[in-house]
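J.: Chains W and R, in that order, are what the protein sequence lines are.
Here the first sequence is numbered in the working numbering, starting from 1 and rising by one per residue.
Here the second sequence is numbered in the working numbering, starting from 1001 and rising by one per residue.
Hints were generated in silico from the structure; no laboratory data involved.
Honestly, I wouldn't trust all of these hints.
Unchecked claim - In silico lysine to any residue, SDA-like type, Cα no more than 25 Å apart, as pairs: (1) Lys-1402(R) to Asn-378(W); (2) Lys-1084(R) to Thr-181(W); (3) Lys-84(W) to Leu-1049(R); (4) Lys-1393(R) to Leu-389(W).
Note that this is a predicted model, so its numbers are computed, not measured.
2 protein chains.
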Amino acid sequence: MTENNVLVAQSGGPTTVINSSLAGVIASALEEKKIDKVYGAKNGILGVLRDNIISLDELFGKNHELLERLKTTPSMFLGSCRHKLANIDQSTEEYKKVFEIFEQYNIRYFFYIGGNDSMDTVAKLSQYAKQIDYDIHIIGIPKTIDNDLVEIDHTPGFGSAAKYIASSFLEISHDTYIYDTESVVIVEVMGRNAGWLTASAVLARNEYSAAPHLIYLPEVAFSKEAFLEDVRRMIKENKQVVIAVSEGIKDHTGEYVSAGSAKLDSFGHAQLSGTGKYLEELVKNEIGCKVRSIELNVLQRCASHLSSLTDIEEAYQLGYQGVERAVEGHTCEMMSLSRVSNAPYKVAYQTVDVMKVANAEKKIPAEWINESGNDVTNELVEYLRPLILGEPKVDYTSGLPKYLHFDHINQTVK
Amino acid sequence: MTENNVLVAQSGGPTTVINSSLAGVIASALEEKKIDKVYGAKNGILGVLRDNIISLDELFGKNHELLERLKTTPSMFLGSCRHKLANIDQSTEEYKKVFEIFEQYNIRYFFYIGGNDSMDTVAKLSQYAKQIDYDIHIIGIPKTIDNDLVEIDHTPGFGSAAKYIASSFLEISHDTYIYDTESVVIVEVMGRNAGWLTASAVLARNEYSAAPHLIYLPEVAFSKEAFLEDVRRMIKENKQVVIAVSEGIKDHTGEYVSAGSAKLDSFGHAQLSGTGKYLEELVKNEIGCKVRSIELNVLQRCASHLSSLTDIEEAYQLGYQGVERAVEGHTCEMMSLSRVSNAPYKVAYQTVDVMKVANAEKKIPAEWINESGNDVTNELVEYLRPLILGEPKVDYTSGLPKYLHFDHINQTVK
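Start from the sequences and build out the full structure, keeping to the hints where you can.
T.: And the structure:
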């Protein structure tokens, strides 16, 4: 009798909870009677193509503590890639190689943890399996800090990024309020097309701080004049002004505001000027007060020590239940979650057609942005609030968070 | 009988533990029989000049929980300023005003929490008190993330910043290692003249990660050619290279490297190009691999959720024992600590002459930097290691760290 084995891989950009989904897949597969072995591919689909396959039951099967630590380790334990498979009608070369490997390892269940590009891979592999009549169940496990996937209430990874961002805005406001002088701090948040991450800065507002005082999203056409008027008014009202701005804001012609700043530079150093730097320059030149810009950068997607427990648990469940659905017979689907109620916060898990998710993008609905286009509405705040709740237990060693790394665990286990 | 009252104020740039020193001063003053009332001045010495004085025993006297929370609240609870008093032989106008306020509130003990500029204020006020024969004891409580004060083993605020920096490098390395391609990440750390903060990135190295692979400090003249050679070699050895660089690195003529980049820009936008951005550009142009620069920015001095318990406790003791020394009769001194032993880590507290501290600056000794000038020695690692140990209990509310803010507490108490 041939074995029924699982293969799991990770793809795309990091989040702080993508390994929690991996832990869910591994735990569920280890428990599932119909599954024999659990394999992982290194560096996503590239690892499959290169036969870079490792045994995960050997690593995690007898070590519950390691599996727990995996849940709070940032980025991808198995490594990642950005590799798009060709359309099947154009070339089947890579598909043949992938299914050779599937056959070699008796893979009957394949789980791909990733964003909408990865769902494209899930869709294409499912399609090819059907074409060659290969018995396999392929399920996508969603992840992205950007929260821009369709067919899901919110994406795993987003809640933790939102918590990091809101917490950073709170700490930056403490840093800003200390001097009795006018000042502007512009904080640039990730998000080229969707403003979810930038909007989550709103959660920093509390009884003593209205920061961020202004929020600029890629969903709203950016006007330099309106921005300067907003800032001038806010300086009058608050003296210290903290601004959340998405890296992806565009003017009314659809051109990135940050690209505009490159025009100032005759040497064409566009990459020197991010959106925040550009606005810093604008405020300095046009208003003339003390101004600073801060780019939150990659820490918003990898600072696991400040992740959301809600997010970690949901990511775990999506992986865990993904295995159950696959064994039940589902394929060519993405695991998803819907919000059953907001207070008390409750979600339900289900699968959705992966074809609907691949290559689509969800932006902030217009009704969740205020009329002036410089803030968000309370509906959006209520939507965001539960996603950042709860703190995981993070162990520290030598004063630093204790994470797992493939090379290290591999040495330890062997 | 007139009262013997305490006045305390904070000055300079934020750290995550400057409020822990404030908590130490308040707790000690509340316990001390010889002290009647505890006042705080808002915005440092400016608050004294403006008679912006508040009662701290009313706020904290009966609320132990608030005092505990103060210890883990970032930045300055009492606000800050950057105000240098004139030399006494030039103008005594401000001094007269300060001592009028001292007399009005029966201030016999004044504590100023700050860096070397603040120690200049402590020295001048002590000098003036002596001149006018005013009975007051003035003690400086040190703080600065930069660790550049003399006459002290290390400064309060530095350990927490070092912990944040090392933790960020660890998380950034997890973010970087996932792709199987060559890449360079340049992380810019604060420090214009002293490289302590940048050097503390070294603590991120562990069993599975050698990041930061290269460390560039302001103490070493920076050479573009040597840098590019270092990076090329490290790419060959490690594929992914993480670099720690101080914002203040200078070339052999003493000119800031970041200033050099401004020359590229015909519009004179020097402020658009930080050191990290400049090196990013250099690697992109000269080596051509994937490269990213990250500026840790103000979060390294205000991310209290990730502060060092060792640092918090030492900052508290410096404030607490500062009151005891003042009552014993000390004045015109700064509280200090020396390292009694490294393993087990143990410090002793004492006072030092504030005149020796004011306006002086401590850099990394040459013997703690490697010969190539691109790394630090093990002696420096051993010096740094104990300073980041321990994690405080940080309460969370609505998913965010719970901090104290003056406006809020004032409302709550009244």
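J.: All the hints need checking, so say for each whether the structure fits it.
T.: Against the structure, the hints come out as follows:
no., hint, verdict
1, Lys-1402(R) to Asn-378(W), "holds, 22 Å"
2, Lys-1084(R) to Thr-181(W), "holds, 16 Å"
3, Lys-84(W) to Leu-1049(R), "violated, 66 Å"
4, Lys-1393(R) to Leu-389(W), "holds, 17 Å"
Checked against the numbered hints above, the structure violates only hint 3.
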